[in-house]
Structure formats: C-alpha cells, structure tokens
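Novice: Chains as they are written, first to last, in my numbering: chain G, 1 to 307; chain U, 1001 to 1307.
By construction, these hints were calculated from the structure, which means they are not laboratory data.
All C-beta atoms, glycine included, are put in the ideal place defined by N, C-alpha and C.
Here are the computed distance ranges between Cβ atoms for each label pair: (1) Gly1276(U) <-> Ser216(G): 41 to 47 angstroms; (2) Glu37(G) <-> Asp1026(U): 44 to 50 angstroms; (3) Ala1184(U) <-> Gly188(G): 55 to 61 angstroms; (4) Gly1095(U) <-> Ser181(G): 56 to 62 angstroms; (5) Ser2(G) <-> Pro1094(U): 55 to 61 angstroms; (6) Gly1218(U) <-> Ser216(G): 21 to 27 angstroms; (7) Gly1262(U) <-> Gly188(G): 33 to 39 angstroms.
What the simulated footprint calls covered on chain U by chain G, stretch by stretch (three residues with Cβ under 8 angstroms from a Cβ of chain G suffice, anywhere in the stretch; the number is not a length): (8) 1069-1082; (9) 1218-1226.
Sample of chain G residues with no beta-carbon within 10 angstroms of chain U, all distances over it, derived: (10) Lys3; (11) Thr5; (12) Ala12; (13) Ser44; (14) Pro160; (15) Ala162; (16) Ala169; (17) Glu190.
Protein chains: 2
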Amino acid sequence: MSKRTCLYLGPAGSFCHQAALLLNDDFELQPAATVAEIVAAVESGNADFGLVPIENSVDGEVTSTVDSIVFNTVDVLVRDEVVVPVEFDVFVKPGVTSITRAISHPVGLAQCQRYIAENSLQVETAASTSAAVASVAQGEATDIGALASPIAGALYGLVPLARAVQDNAGAHTKFYQLGKSIRARQAGREYRTWVTVIPPTNRTGILGDMLAEFSSRGISLSSLSSRPLRADIGAYAFNFTIEGYVQDEQVRAALEAIIALGSRVRVVGSFPEWAGVGVVGAVIGLPGVGAGSKVSFSNQLDVAVEE
Amino acid sequence: MSKRTCLYLGPAGSFCHQAALLLNDDFELQPAATVAEIVAAVESGNADFGLVPIENSVDGEVTSTVDSIVFNTVDVLVRDEVVVPVEFDVFVKPGVTSITRAISHPVGLAQCQRYIAENSLQVETAASTSAAVASVAQGEATDIGALASPIAGALYGLVPLARAVQDNAGAHTKFYQLGKSIRARQAGREYRTWVTVIPPTNRTGILGDMLAEFSSRGISLSSLSSRPLRADIGAYAFNFTIEGYVQDEQVRAALEAIIALGSRVRVVGSFPEWAGVGVVGAVIGLPGVGAGSKVSFSNQLDVAVEE
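Let the hints inform the model, and build the full structure from the sequences given.
Specialist: Structure representation (structure tokens):
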C-alpha cells in the first residue's frame, strides 16, 4: 500500500511544514498553496490528511481556518493538534560570517525588527520565508541572510548565522491535522473535542443553558467563541472546545442534552492534546496578565467620556 | 489649537488608512509601522487616537490586536469602529492599457489569484501594498501593475487598470479606533460595549451565571470569546461584546452584578455600531450557512474513528 498523503501550507520549509515534521506520522508530506485548497482536498478525498494553521499564522495566511472547516465542509474532522514555537533563524551560505541585507516574507521582517535594526540591515521582501531562503541559496551574493523557520536552511543548503532572532520570545502557533476520521483513544493522553452548535434561538440565555449541560457533568471548557451566521442576521454559532473524547460517556450525554434543547450540533473534531516540546500546560502563545493587566481589571465602570 | 493626531497601520494607502479616511474625523492622520506601536502611543499619550485592524488584516499584521489592548494597556478604550470592504484594484501609470507583471504584498497576491492567472501575469512581491504602488510609480517600466487598496493609486499618481479584482467578493475587515475616552452617546445610533471579565473560578458554570446577568436584563450578546491567561494555567478571561452603551442603566446593572459574583471586569470600549457603506446588519465578512453547512449540522455524534 502506498503511503497516505498529508498536505501542509507550503512552500517546503514553512512553519506548517515544521509542524508536519513534528507530528512524525508516516505520511507523504506535500505542500499546498492555501488553507482553502487543503481543506477542499481533504473533503474531496484527494488528500488523506491536511495540516493547517488554526491561529495567527506566521506563514501569512489570512483566511479564517475555523470558518473554512465549519462552514465549507460536511465531514472533515480535526484529528490531531501540533504547537510550534515561532522561531526565526538567519540563514546564509556556508562560510559567510557577516551580512548587510536581510530577506524574508514581510511578516518575517516585521517579527525581527530588533535584529534588523541592531545589525543595520537593509531589507528585501520575498513571497514566503522559504522563497527568501531559496533566493539566498540560488543567488551569488554573500552579504545577505534569509529570515525563516529553523528547518528552512538545511532544505536549501544554507547554514544559520544566528538563531531565534525574533522580537518576541515565547510565542507559539497552533496547527490542526484534518482527516475524514479521528484517531482511536490512546490510554494516558488528554483529549479535546470541538463542537460547533447553532442554538434554536438567539436569546442570550440559551448559551447559559448549553454551558450548564457541560458544567453539570464536570466537563471543562477549553475555549469558546461565537461566530455570526451571514445567512441569518442576528443568529450565532458557538464553537466549544471541551475537555474529553467525543465517545466519553459524559461528553456524549452533554451533547445529547444540547441537541434536546433544540440546537443543531456538529462534531468538528476530537483529538489528543499536544504534549510535545515548547508548550506549558494548555496555554499557547498568549500574553500574560502582568502588573498593568491587574490594574486594568479594576472593576472601574466609570470610563472617561469625551466632552 | 493644533489638530489631534490619529495613528493608523501604514504605510499611506493601506486598508487601515482607507478606514481612517472613512471615519472622516478632523484628525491629523499619521502612519505607524505596527499595531503594538499604535496601542503603546495611545496608552502613553504620544498620540491622541489610533486606528487598528481587529480581525483578519489584509495589511498583513499577525499580532492579536485584542490581546494587545486587553493585556498590554491599562486605560486604552475603543471609541469607534469602521468596516471596510476588502477590494484590490490594479494600478498602473497613466496611459498604460495592458500589463505582464503584477506586484503586491504576498497577501494581496494571494487574494487576487484568479486575476493573475487569467491575465498570465508574472508576480513580484513588495513589503506592503503601498510599497508596490510606490515602486510602480517610481519605476520606468510600463508593463507592471500594483494590486492595492482603492485609495492607494491616487496617492502615488497612478490610475486603475481594473477594479475589484480580488477572488472573494463580499469580504470585509473591521478596525477599532482607540483613545483615552469614549464618545458621548448620540441619539439614534446603536451602541456596543466590550468588556473583558476574569471570573473568580474556572468552574464552567460561572460563565452561565455571568451570561444570565445579561440575558435577565434583555441585553443581547454581539460576540463572545475566551482567552487563556498565561500567568495562571487553566484560568480564562472572557471577551463579551454586548449591545448597549456602557452608561445605559441595564448595562451598568449587569456589570455590577457580574462584579458581585466575584469577577474582575474591565470596560475596554463602548462605541457606535458602524453604519457606513458595505455592511449588512451586524454581520461582517463571514461565510454563510449554505447547503453543505446545513448537512454538516446534523446532530450526528457518531463520527468515524480510525481502525
């Protein structure tokens, strides 16, 4: 049997490619140009699996991946997640020890402002971080470095001049692996289940009623977001990510109770929580509550109003 | 008195610049390089106001604007919103009637794939859509067009060869105007209030309790999202956007009741709903529930599990 294919948001050397390698599946990895193309290929069966950025993407995609999956597919499922630290390295031709120019995708240049300023580098743009690396590898110049993901240099025969030159340490980006089935439950791993629910009414209280079906069964919420539905002004869908596997008795009972309230439910995925490097607990790539934040949550309801 | 300043995510000719012009305030508009810089300048008082993309940004920013405002400032307030249709035009030197090359930010190129393919154009990248327009204006070549926002061409003395060449019609992007005060209530306009709440416990039921304080007072929810707090694993903040002005009696009573539950509340903004061109009701740039979506919300809890 030939290897099953997994598309990722390319080109080769992208952060999504790095995420695909971290998953370490025995799949044939193939780059694709857009999230929409990947989602459609998994839906149609042209690809067995797909890997897509789900939050802010350093590969520069702007489409809402969540909306693409929920509203543009019928039976695509999220079966795994991967979290990748956002690290930009500077890649040069072997032997080069100093540069005067940096090239990258504009997002890469924007994320490495400090390094660029400290080294007084001139900047040039490329269509992707991988294209930047390729242009350095294929060009004659030795005074230029490409800002790209840690895996990109070796793919094109370049070496790192400096590592982790991004302005913000500690940022991560999350990817979901898509398929037509979920993985069977493995012992010893924590699971999450993503369901999207269209409530029977836009009465605000209905959301509380649905949440009570989770809380009364001891099911914790991992994330929640609302999305307006264009076709029906004023109507909302809710994305719930809850802790547990979709076949767990309590999870199933909660979802059945939510359906009994009159809601329409779609199970969008059920997958093991990422347990790889670079992640502290469940919290990913978000700012902390520092001293300023504590002040700002001061229960002050009298805000300044312009004269 | 000199004019008050409003920073926008530049360079001049960006979609954020277009949004600033649509607001039609009597402010001196100045471009800034990043959302973080704009938020910090408003916080410090170096700028009176700032305009920032709040959702997917076609100007290519990836930082989470919501997190920047909520967690990195103490008293910045959202005082207005603007919604701009995502339209890319093709700008050329006056007199040019055909082109063989297109230049833009990679996001712009990605959004105009169909036009590029139909016209068999070679593509070149620039650091921003405005930089693309500037390079066409300043270069000698007449076989090249820049893909950029509708306002960008005139700023650099170019003319449109074609209009609205983006692949997806109907997409919009939303911007928030930031300041240190909110606008006084104007008669005849609908308002929204954004509050971020850190609940006293991560018990799932607490969210239902908070929602009940809104629903029992007839206050509708416009959007809701959860954000994990890095400093406190397992703890969440909730962003609620509710209908109404922060000084409305019912809104204030609901927020006081939520504080009485033990929550910490920050009023992040209170602003008139955008009533300008390009918007149908409250629903912005999101996919509809088409035939496929209806099938997908089928209450089917038995998803395929891999053997």
